[in-house]
Every structure is written in structure tokens, then in C-alpha cells.
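Could you build the full structure based on these sequences and the hints that come with them?
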Amino acid sequence: MSELDGAARAQAPATEIVQFDNVGLRYGTDREVLSDVSFTLFPGSFYFLTGASGAGKTSLLKLLYLAQRPSRGAIRMFGSDAITTPREMLPMLRRRLGVVFQDFRLVPHLSAYDNVALPLRVAGVSERELAGPVTDMLEWVGLADRMAARPATLSGGEQQRVAIARAVIGRPDLLVADEPTGNVDPDMAIKLLRLFEALNRLGTTVVVATHDVHLLRKVPDSLIMRLDKGRLADPTGALRYPPRPSVPGGAR
Amino acid sequence: MSEPRALRLTDLFARHLGGEGQQADIVPQSRLSGPIPWVIAIMVALMVIAAAGGLALRNTGRAAASELSGGITVQIVEARPEERDRQARSALAAMAGMPGVTGAQLVPQTELDALVEPWLGSAGGSAGVTEGGAVPVPALIDAQVAGRLSADRLAQLQAALRQTAPGARVDAQSTWLAPVFGAIASLQWLSLALIVFLALATGAAVLLAARTALGNNRATIEIVHLLGGTDAQIARIFQRSIARDAIGGALAGSGAALVVILLLGRSFAALQAGIITGGVLSVSDWAMLVLVPAAAVVLATVTARWTVIGALKGML
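Keeping their order, the protein sequence lines are chains C and G. Per this note's numbering: the first sequence = residues 1 to 252. Per this note's numbering: the second sequence = residues 1001 to 1316.
Do not rely on the hints blindly, as some may be mistaken.
Only pairs whose alpha carbons sit at most 20 Å apart, straight line, appear in this in silico SDA-like list of lysine to any residue [claimed, not checked]:
#1 G:Lys1313 with C:Thr84
#2 G:Lys1313 with C:Gly73
#3 G:Lys1313 with C:Ile83
#4 G:Lys1313 with C:Gln68
#5 G:Lys1313 with C:Glu88
Non-contacting residues of chain G with respect to chain C, defined by C-beta distances greater than 12 Å in every case (computed) [said to hold, decoys possible]:
#6 Val1135
#7 Arg1169
#8 Ala1232
To give an idea of the interface, some chain G residues facing chain C are shown, with a C-beta separation under 8 Å as derived from the structure [unchecked claim]:
#9 Leu1226
#10 Leu1227
#11 Gly1229
#12 Gln1233
#13 Leu1316
Source of the hints: derived by calculation from the structure; they are not laboratory data. Ideal placement from N, C-alpha and C gives every residue a C-beta, glycine not left out.
Okay, structure coming up:
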């Protein structure tokens, strides 16, 4: 573990993994796409993020996977202030995240195997050590016979499975998935959801943005975050920040 | 459903988080290559040739200066042959007793005749005649003096010689070649300036190539960035690629330059002119020439790194 990573982890408290406090986001001089968003994500919890198109789901996810800084408010991730954390420390925070992008964002000239291996290579895992887990993961998402295939030769569903395998291969502390089952058949959608649940049982906090209301019922213990015109609806107060002392670990 | 093995390898991943492990070719090499190896090859060839020229000129200048250092020529300008001979002998005798004069020899008449032959013909010197008679050619004494030859010292020598040889005129041999030395020095500066400009052009070409490669691969870089790749890791990908191109280009350019230098060396050696043979490159000169392509590779790599790091600073 590097010194930077050690420092980043040393600051992590045992409780909240992510805290948003009155966060607002606007692009340029346009109106805010997110306003007064406050919530807490607890370790090992499973969240669905729902909302109509244009409600701000993708913008919220961008803040979560540190691709964007908010226009106002405060964000803490893994115990660090994500807004004031020096730029050179951000990679260490990002390595604790797994992200499934809506448009997959696979590296076009790398094979399925190399795309899945990418986060481990970035983290410095040796080829010998990463070969087993990568092969295993590709087998598990049903792509054992497509390891050498490049993204352009894969179907949309296959690309999505590669993107998911890449996101979870490093067993992240926080998994953020934007419409992860949008391009796969119902059976594969359930299988992938089970993968997320398995990861969740191992302690990973999962946030899945989806339009699919049927998906919400498949994970009964999940919490639902609903965005409406850039504002977070939290009728039960389970997500509120600061959390209520009586609801440690979030209301389930 | 069993969990994939990857999910049970928490310790493994934790142990390696933060490491700076090996990088696959995340950026396709064909996109980075393009014209850069050829541009570097041409630049390196020109820089090596310019450097070799500069070093050869420096050696030529040094050899000539060393040969002429302390050398003086005494001319006895006297139209009457007998008197000229008498003054030449008197001057030689006087110089033998002068402090600081380490040697003096009368240039034989046959050599003088040969010197003026291209202008006055084979019989133009001592025995030659024009319509008015023989053309008077001064007698020459080639002498060596220890210590620095200042204008004052030359004037003192001339004054002392004129007491016995009124027609004596003293010149330092180096003053004849002063314009040549000046030209050599100018050419040396020119070769240095060429090297500097070529190095700048190489840096600019690499900078443009790195920026183009960055633009072409922006989407991939963003992915690596969001997966936790550091600026240094991403820069290393480009650095390695440019370094590979630069090494290939430097080798090709050095090879071409070597051929040119050897051919030029043979051509100049064939001239068998004394001043030019002094320009032969020494072992240390060749070692310096080897440093040129090495420096070009370092310059290209460092330029690529700075360019990429600078561009990445614009990302969160």
C-alpha cells in the first residue's frame, strides 16, 4: 500500500462512507442541476437511485465517482473532504470506487480481458496475481469464450457485462452503477444484480441508478433515493445528513 | 450461485492498492508513432552532422593555432640582391643572440621561387626577368619565439633587427591567419546555434505529437483517470511510447549521420591540406557525438512527460 493510500485510508471513519451536505451543482452559468442534496451512505448498504430522465441522476453519480466537483456544499468520502482533498490524493480515493458507466466506456483497443484487468493494473497488481481473478470474473459474467474479443466485436449486453466485471474486479468499497442492466436480458439482469448483492454482502456499498422499477423489488433490503428535478426526495429520513442517532447504519 | 473468486481476494487487492505496477499498452502505439520517429531521425542526423562539423572546425583551429604559435616571419625587403643577402645574414646573426628567440632559419631561395611560381612563372623569382629585369622577392626568415607575441614585442624585435638590417619587417605568423581563425570561430558558433535550434524544433515536434496523441486518446485517458490512474502513470504511458519512437529515430539518424561524416572525412583527407588534416575527430569527439542522440531521446521523453502532465492538470 502506498503512503498516499495509507493516508487516505487512515482518515476513514468506521461509519459513513459518503456524506453529502447541501450539495449544489451547476454547469457553467446554467441553473442548478442538483440543489440542496444531503444524504449519507453507510458501509454495506444497497441503494437504488431513481428519478425521471433529467432529474440529475448522472450528475449525482459523477459527484460520487469524483469526476466532478460540486458548485457548493460539502462532500466527504471515506472520511476525506472530497472537495479540498489535493488533486494528487484523488486517485487513491478513486481506487476505492467501482464505476459502471451508462455508456460502458470500455477501452476500444483492449480485449475484454485487458479491460477487466485495467483497474488491477492501475493499482499495481502483478500479471501473475491478476490472471486468476480476471479469468474467473469473465467466466462468471458468461464471457469466458470472449476474453480476447475487443469491445467493437461484442454485443451491447456483452460490453455491459465487461464494464460490470471491470467495476467489481477490485472489490471496491463503493460501487456506483448507472443503468447497469439496461442492455442485458432479464435473466442476466438478475444475475448481475446477484453479483452486486454478493459484493454488498462482503461490505461494498452499492448505488445503482435505474429506471427499472421492477429491479427495485429484487433487492428487498435496499434503500431508495429518488431525485426529482435535482432535489433528493427522502420521505423516511433514512438518508438524511447528519444521520439520526437512532438510525445507525441507515434504516432498512 | 457461488461468488466469483475475485470477490474473495480482498486482501490481495488491499495489499496492492497504491502500487505503481506495470502498464499495458493502454494507448494504442500506432496512434503515437506516426511521423515522430522520422522527424527525430532527421533532427538527430542534422544535429550530429552539425556537432561533428563544429568539433572538426575546433580541432582545425586548435591545430593551426598550435602550429603557428610563437612563429614569426622576418622579411628583408631590399631590391638589391647582394644587400638583401647581407641584411638577411646580419638579421640571422642578430636573432641568434636575442633573448626569447628559440630558432631562426633562412627560407631557401628554391622554396621562395616555388612560392611565387604560380604568379610570376617558373623564372619569376631570383633569376626571372621582366622587361625591366628580375622581380625583387624579399628574403624570408622563419623564426620561433618563446612566450606571448604581443604587438609591442613584435615592434621591439623589428626595431632591434633594423639596427643591422634596415629592410627587416617582422610579422607574427598567426596574424596572417587571423581572418581564417575568425571564420572558423564563426562557423563553430553557427554549428552550435544549429544544434540549439534543431533541439528546439525536436522539442516542439514532440510537444505537438504528445498533444495530438492526448487528444486522440482523451476518452481512454479519462477512463484510466477515473479508475484511479495517477498523472505519473498516464504520463509514463506517453513517455514510454515517445521514448520508443525517439530511440528508433535517434538510431536511424545517428547511422545516417555517421555515413555522412565518414564520407566527408574521406573527401577532406584526400585534399591533403595541412590545416584540414588537423580537423580529425578524436575519441572524445566521437564520445561527444554519441551524446547527441542520447540527449535527443532524453529531450523527447522529458518534453512528452511535461506536456502530458500539464494537460492532465486540467482534469479533476
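For each hint, the structure was consulted:
1. G:Lys1313 with C:Thr84: Within the cut-off at roughly 16 Å; holds.
2. G:Lys1313 with C:Gly73: With Cα atoms ~23 Å apart, lysine 1313 of chain G and glycine 73 of chain C exceed 20 Å; violated.
3. G:Lys1313 with C:Ile83: Distance of about 16 Å is within 20 Å: holds.
4. G:Lys1313 with C:Gln68: Cα-Cα ~14 Å, so holds.
5. G:Lys1313 with C:Glu88: The given pair, whose Cα atoms are some 10 Å apart, holds under the 20 Å limit.
6. Val1135: holds, 85 Å
7. Arg1169: The claim stands: arginine 1169 of chain G keeps its Cβ more than 12 Å from every Cβ of chain C (closest is about 77 Å).
8. Ala1232: With a cut-off of 12 Å, alanine 1232 of chain G comes too close to chain C, as the shortest Cβ separation is near 9 Å.
9. Leu1226: Where the cut-off is 8 Å and the nearest Cβ of chain C is about 6 Å from leucine 1226 of chain G, the hint holds.
10. Leu1227: This interface hint holds because 5 Å falls under the 8 Å limit.
11. Gly1229: holds, 5 Å
12. Gln1233: holds, 7 Å
13. Leu1316: Holds, because the Cβ-Cβ distance from leucine 1316 of chain G to chain C comes to roughly 6 Å (cut-off 8 Å).
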